[in-house]
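Visitor: Each chain is listed here by its residues.
Number of protein chains: 2
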Amino acid sequence: MHTLFARHQQTLAAALKAAQERGYWSAYPEVPSGKIYGETAKDDGLSSYNARLGRPFDLPGHPATATVGTEVSPFGPPLGITYPAVDAITLVEASRTAAPAWAAASAETRVGICLEILARLNRISFEMANAVMHTTGQAFAMAFQAGGPHAQDRGLEALAYAFQEMTRTPAQAVWTKPQGIAEPIVLEKHWRIVPRGVSLVIGCQTFPTWNSYPGLFASLATGNTVIVKPHPGAILPLAITVSVIRQVLSQEGFAADVALLAADAPGAEITRDLVENDAVSIIDYTGSNSFGDWLRRHAGEAPLYTEEAGVNSIVVAATDDFAGMCANIAFSLCLYSGQMCTAPQNIYVPRNGIETNQGHKSFDDVAGGIVAAIDDLVADPARAAGVCGAIANPATLARIATARGLGTIIRDSAPINAGDARTATPLVLAVDADKTDAHEEERFGPIAFIVGVADADDGIAKAATLARRKGAITAALYDTNDNRTDAAVDAFAKAGVNLSINLTGGIFVNQSAAFSDFHVTGANPAGNASLTDTAFVANRFRIVMWRRPKAA
Amino acid sequence: MHTLFARHQQTLAAALKAAQERGYWSAYPEVPSGKIYGETAKDDGLSSYNARLGRPFDLPGHPATATVGTEVSPFGPPLGITYPAVDAITLVEASRTAAPAWAAASAETRVGICLEILARLNRISFEMANAVMHTTGQAFAMAFQAGGPHAQDRGLEALAYAFQEMTRTPAQAVWTKPQGIAEPIVLEKHWRIVPRGVSLVIGCQTFPTWNSYPGLFASLATGNTVIVKPHPGAILPLAITVSVIRQVLSQEGFAADVALLAADAPGAEITRDLVENDAVSIIDYTGSNSFGDWLRRHAGEAPLYTEEAGVNSIVVAATDDFAGMCANIAFSLCLYSGQMCTAPQNIYVPRNGIETNQGHKSFDDVAGGIVAAIDDLVADPARAAGVCGAIANPATLARIATARGLGTIIRDSAPINAGDARTATPLVLAVDADKTDAHEEERFGPIAFIVGVADADDGIAKAATLARRKGAITAALYDTNDNRTDAAVDAFAKAGVNLSINLTGGIFVNQSAAFSDFHVTGANPAGNASLTDTAFVANRFRIVMWRRPKAA
Numbered sequence: 001m002h003t004l005f006a007r008h009q010q011t012l013a014a015a016l017k018a019a020q021e022r023g024y025w026s027a028y029p030e031v032p033s034g035k036i037y038g039e040t041a042k043d044d045g046l047s048s049y050n051a052r053l054g055r056p057f058d059l060p061g062h063p064a065t066a067t068v069g070t071e072v073s074p075f076g077p078p079l080g081i082t083y084p085a086v087d088a089i090t091l092v093e094a095s096r097t098a099a100p101a102w103a104a105a106s107a108e109t110r111v112g113i114c115l116e117i118l119a120r121l122n123r124i125s126f127e128m129a130n131a132v133m134h135t136t137g138q139a140f141a142m143a144f145q146a147g148g149p150h151a152q153d154r155g156l157e158a159l160a161y162a163f164q165e166m167t168r169t170p171a172q173a174v175w176t177k178p179q180g181i182a183e184p185i186v187l188e189k190h191w192r193i194v195p196r197g198v199s200l201v202i203g204c205q206t207f208p209t210w211n212s213y214p215g216l217f218a219s220l221a222t223g224n225t226v227i228v229k230p231h232p233g234a235i236l237p238l239a240i241t242v243s244v245i246r247q248v249l250s251q252e253g254f255a256a257d258v259a260l261l262a263a264d265a266p267g268a269e270i271t272r273d274l275v276e277n278d279a280v281s282i283i284d285y286t287g288s289n290s291f292g293d294w295l296r297r298h299a300g301e302a303p304l305y306t307e308e309a310g311v312n313s314i315v316v317a318a319t320d321d322f323a324g325m326c327a328n329i330a331f332s333l334c335l336y337s338g339q340m341c342t343a344p345q346n347i348y349v350p351r352n353g354i355e356t357n358q359g360h361k362s363f364d365d366v367a368g369g370i371v372a373a374i375d376d377l378v379a380d381p382a383r384a385a386g387v388c389g390a391i392a393n394p395a396t397l398a399r400i401a402t403a404r405g406l407g408t409i410i411r412d413s414a415p416i417n418a419g420d421a422r423t424a425t426p427l428v429l430a431v432d433a434d435k436t437d438a439h440e441e442e443r444f445g446p447i448a449f450i451v452g453v454a455d456a457d458d459g460i461a462k463a464a465t466l467a468r469r470k471g472a473i474t475a476a477l478y479d480t481n482d483n484r485t486d487a488a489v490d491a492f493a494k495a496g497v498n499l500s501i502n503l504t505g506g507i508f509v510n511q512s513a514a515f516s517d518f519h520v521t522g523a524n525p526a527g528n529a530s531l532t533d534t535a536f537v538a539n540r541f542r543i544v545m546w547r548r549p550k551a552a
Numbered sequence: 001m002h003t004l005f006a007r008h009q010q011t012l013a014a015a016l017k018a019a020q021e022r023g024y025w026s027a028y029p030e031v032p033s034g035k036i037y038g039e040t041a042k043d044d045g046l047s048s049y050n051a052r053l054g055r056p057f058d059l060p061g062h063p064a065t066a067t068v069g070t071e072v073s074p075f076g077p078p079l080g081i082t083y084p085a086v087d088a089i090t091l092v093e094a095s096r097t098a099a100p101a102w103a104a105a106s107a108e109t110r111v112g113i114c115l116e117i118l119a120r121l122n123r124i125s126f127e128m129a130n131a132v133m134h135t136t137g138q139a140f141a142m143a144f145q146a147g148g149p150h151a152q153d154r155g156l157e158a159l160a161y162a163f164q165e166m167t168r169t170p171a172q173a174v175w176t177k178p179q180g181i182a183e184p185i186v187l188e189k190h191w192r193i194v195p196r197g198v199s200l201v202i203g204c205q206t207f208p209t210w211n212s213y214p215g216l217f218a219s220l221a222t223g224n225t226v227i228v229k230p231h232p233g234a235i236l237p238l239a240i241t242v243s244v245i246r247q248v249l250s251q252e253g254f255a256a257d258v259a260l261l262a263a264d265a266p267g268a269e270i271t272r273d274l275v276e277n278d279a280v281s282i283i284d285y286t287g288s289n290s291f292g293d294w295l296r297r298h299a300g301e302a303p304l305y306t307e308e309a310g311v312n313s314i315v316v317a318a319t320d321d322f323a324g325m326c327a328n329i330a331f332s333l334c335l336y337s338g339q340m341c342t343a344p345q346n347i348y349v350p351r352n353g354i355e356t357n358q359g360h361k362s363f364d365d366v367a368g369g370i371v372a373a374i375d376d377l378v379a380d381p382a383r384a385a386g387v388c389g390a391i392a393n394p395a396t397l398a399r400i401a402t403a404r405g406l407g408t409i410i411r412d413s414a415p416i417n418a419g420d421a422r423t424a425t426p427l428v429l430a431v432d433a434d435k436t437d438a439h440e441e442e443r444f445g446p447i448a449f450i451v452g453v454a455d456a457d458d459g460i461a462k463a464a465t466l467a468r469r470k471g472a473i474t475a476a477l478y479d480t481n482d483n484r485t486d487a488a489v490d491a492f493a494k495a496g497v498n499l500s501i502n503l504t505g506g507i508f509v510n511q512s513a514a515f516s517d518f519h520v521t522g523a524n525p526a527g528n529a530s531l532t533d534t535a536f537v538a539n540r541f542r543i544v545m546w547r548r549p550k551a552a
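Quick mapping for you: the protein sequence lines, in order, are chains A and B. Numbered by full-length UniProt numbering, the letters in the first sequence go through residues 1 to 552 in order. Numbered by full-length UniProt numbering, the letters in the second sequence go through residues 1 to 552 in order.
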């Protein structure tokens, strides 16, 4: 058994069990505590991050003919880091050159190496937190969790599924076919895992590691080489990741180029060149539907796994905890300023209001309750900054400005008093479903619509239909009526949306937990794949046989 | 538990075990024996077949606005059967109307129904044999096996994989996340299987059931409705299949239109209309690479599973059983007149000959040995007819005529003295790899090339390279050198071809056994999927969740 596989096999076994049972489990602690990560870990991580600023990123042996890098922290300062850059053809050729030995390694060897990579990534979670924070705009605590342990958990989950699929078919078998009274025909058969080839992982700016790790580790584990194409605005987290992968590969005697970084410059992206290269045989993508459509037309024979955009909805039908509901919704809208793919945008409320534990609440009461909860959450600038973080992309501020004209402003967006950071609290608009469809487009960022509908059934129908048409990754319902809840469960299932019901307290519709929640269903336009299930890993490799008569 | 599931669950359990172990197993006896199928089964099957001739095919309740049907037996007579026909939009709408109840049924219910369908198809294997024989041109024994029990085994294999995937994730779980000294967060989570929608199965003329059953049963079992689009020349086997499916569905209280027949006329195929319909959400296809390319461009978001064309090769490097080798190759070339997707076309032989148990054999000796074995096999017309069957498509005869000019004819093709049947024994051409590439195109039918190469290594390299470029489903090697065999195993694995080594006696490179051989690797242009593995079934449905705080 490979040393690294032996070292980490208990983690793998626990991950396989967790993925099977789908209760709560995590391999990598989400609490940024010195007791867990070491008393100096926080300071060390910051130091390591600071040491990377203002200089070329060191990727020994990585192909390069130029440098790129224009990252600017949403919290203010430019990072000043440059990365090795090279054209798509050179990247693909380097990847193919590194491929044969990696493809020939055993599943245990590759999975052992991937487990070691994850363990090392876990150890530098504080450094990664700073890197994610200053490229995405996530507040530190979220950047630590989502960029570090949660992303690592998702990578491990993909690894566990990949290992299970690779070991499902025996390496060999004897096939003995009876021939009546004659001697049977006896063949020995041997199967091996053959990877597809070069795997391209196209990252996004907001969750550079969390969204990329599943595809990255699933492809690596199944023997493919990987080219990681970060968003030009969030290169550093994936550069650090690729750096760790290359270190472990080299130490284990494999070519570092099994993992390559395809850094590029805004406006001069090399993504299309990579996709159109025939050697690129798997594509993982997080991003817009429009580029997703382009990928579908140009991916050729490469399996394509996407997470695209959608419009997430909440239907407010009734509640027995009005305050808890408003607080929960407010937090979901504020968290990372609505820049999560799981963040709600539309809140459907009956025009005649709803029944609650505080008695009847009119449409305006409900809207007002949510707005008041937002105001409460962001009243203290330090707390607001800790929840909302910063705005990753200046275009989001422009989108907020445009959105102001789309309905009745019941809460305006405003900057948080947070130094140089680019910030914005939620803009909340009231609209009526019969009078506009402005809310039916995705308005990425801290923009929410309280949408008046005829009644709860109407809200459920409209939210589910919108999910089916435009895609949705999450939906939420607040209701106290069991029959209506059952109907909503059916409606959202048919629309391919995961539904959260009556969340209050410390759990939010935005949250998707590895080993339990399948992130994205793959059943509506918000994405064609799920993180992480069998379908996500099983087609990244093929099984090839040889057979011959078995010697007597 | 559903009654039908209970009735057949031992078959399912045995299939799951067989697919896991991949030794020899079969659920449906391949021997067309009265002892197994009933002493009158053969006559009854022929009577049932004859009763269908010359009249409209009865599919009660099937949508129809016209009739089509121009099938002519390759053995002579027109079938004279007409089938209900209707446009693509009507078919898709009928399919969607039937969908909700089928999607809502439990996995056990659907799988139980599919198992019952297979059991009933098995009982009418003699009727199916006649239907397959007189549409494909397969000789009776092969039509019985490949069209009946072997196809049913492949359907069962797909069903077993589908059941395993649908039951891998629990229907519910409790997620309990510790919160330090505070109360944990406890959610109940519920998952359900959501089918993709309408599944289109595009059949081929030569193996209408064998190639269609895996996709058909995988899609049905996972809750999709199915539209079966037969080749206009081989409608009857799939019409009978759809008829049985509709009978069982109706008896079990589901809409018969869960399975529909998309019969059409040559030159007026409705395939493209079906593919371009947005509701068509899964496509299974067996056919040409050119239409495969069209499908890749037009399938949109529908997962596409293909078996396309390729060029299969044998490399003759050395043998310790020259006579056995020649006889085995000869049978592989003659069987169903080379119209199997697994039939070899190119036989690479070193120009300087090979070493054998009969001493050195020159290139001409090897070619002559194979030709003599073919001549021996087809010398008796009755035996020849039993092995070669008939030619499915007149275009194949034209192809033979054209091919005569592509090399030195060392054995000419000729009709078999077999009444009105359209027949042709193998055309064998000698060519030199340095002087032509005529053999590098697929020449579907009884056309073989003995290809002179520098040596065995050269033959292995050329065969593997061709497989990678043009696709191949099978490869074979005859060799006595272990090192060279190991290298060949590597080369063909990298080319994504299943390799058979030193086959002699009653087992042939053409044969692919359910539950053991993965048919097509999906790793070269001969197809993007395999019958049947996890990847073939796992993306035919999606998993959707709802979750809520668990009541204390």
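None of these hints come from the bench; they were simulated from the model. A hint or two may mislead.
Chain copies aren't distinguished; within one or between two, either way the pair holds.
Claimed, not checked - No more than 27 Å apart at the CA atoms, straight line, and that leaves these computed lysine-lysine pairs for DSS-like: (1) Lys494 x Lys470; (2) Lys470 x Lys435; (3) Lys550 x Lys17; (4) Lys177 x Lys462; (5) Lys435 x Lys42; (6) Lys494 x Lys550; (7) Lys177 x Lys550; (8) Lys462 x Lys17; (9) Lys462 x Lys494; (10) Lys435 x Lys35; (11) Lys550 x Lys42; (12) Lys435 x Lys462; (13) Lys17 x Lys42; (14) Lys35 x Lys177.
Since the model is a prediction, treat every value here as computed from it, not as a measurement.
Visitor: All hints, please: hold or fail.
Guide: Status of the hints after comparison with the structure:
1. In this homomeric assembly, lysine 494 and lysine 470 come within 27 Å of each other (Cα to Cα) only inside a single copy, at 14 Å, whereas the closest approach across copies is 41 Å.
2. For a Cα distance limit of 27 Å, the shortest separation of lysine 470 from lysine 435 inside one copy, 19 Å, qualifies, whereas the shortest one across copies, 57 Å, does not.
3. Taking the shortest Cα distances, lysine 550 and lysine 17 sit within 27 Å of each other only across copies (22 Å), while inside one copy they are farther apart (37 Å).
4. For the identical chains of this complex, lysine 177 and lysine 462 are neighbours neither inside a copy (58 Å) nor across copies (33 Å), given an alpha-carbon limit of 27 Å.
5. Within a single copy, lysine 435 and lysine 42 get their C-alpha atoms no closer than 52 Å, and across copies no closer than 70 Å, so neither meets the 27 Å cut-off.
6. For the identical chains of this complex, lysine 494 and lysine 550 are inter-copy neighbours only, at 23 Å across copies versus 51 Å inside a copy, given an alpha-carbon limit of 27 Å.
7. When the C-alpha separation of lysine 177 and lysine 550 is checked against a cutoff of 27 Å, the pair qualifies only within one copy, where the shortest distance is 12 Å, while the shortest distance between copies is 53 Å.
8. For a Cα distance limit of 27 Å, the shortest separation of lysine 462 from lysine 17 qualifies neither inside one copy, at 38 Å, nor across copies, at 46 Å.
9. In the homo-oligomer, the alpha carbons of lysine 462 and lysine 494 lie at most 27 Å apart inside one protomer (13 Å), although the nearest pairing across protomers, at 51 Å, exceeds that limit.
10. Neither within a single protomer nor between protomers do lysine 435 and lysine 35 lie at most 27 Å apart by alpha-carbon distance, with minima of 55 Å and 74 Å respectively.
11. In the homo-oligomer, the alpha carbons of lysine 550 and lysine 42 never lie at most 27 Å apart, since the shortest distance is 61 Å inside one protomer and 36 Å across protomers.
12. Taking identical chains as interchangeable, the C-alpha atoms of lysine 435 and lysine 462 lie at most 27 Å apart only when both belong to the same chain, with a minimum of 14 Å there against 68 Å between chains.
13. For the homomeric pair lysine 17 and lysine 42, neither the shortest alpha-carbon distance inside one copy (32 Å) nor that between copies (51 Å) is at most 27 Å.
14. Taking the shortest Cα distances, lysine 35 and lysine 177 sit within 27 Å of each other only across copies (20 Å), while inside one copy they are farther apart (61 Å).
Violated hints, in rising order: 4, 5, 8, 10, 11 and 13; the structure is consistent with all others.
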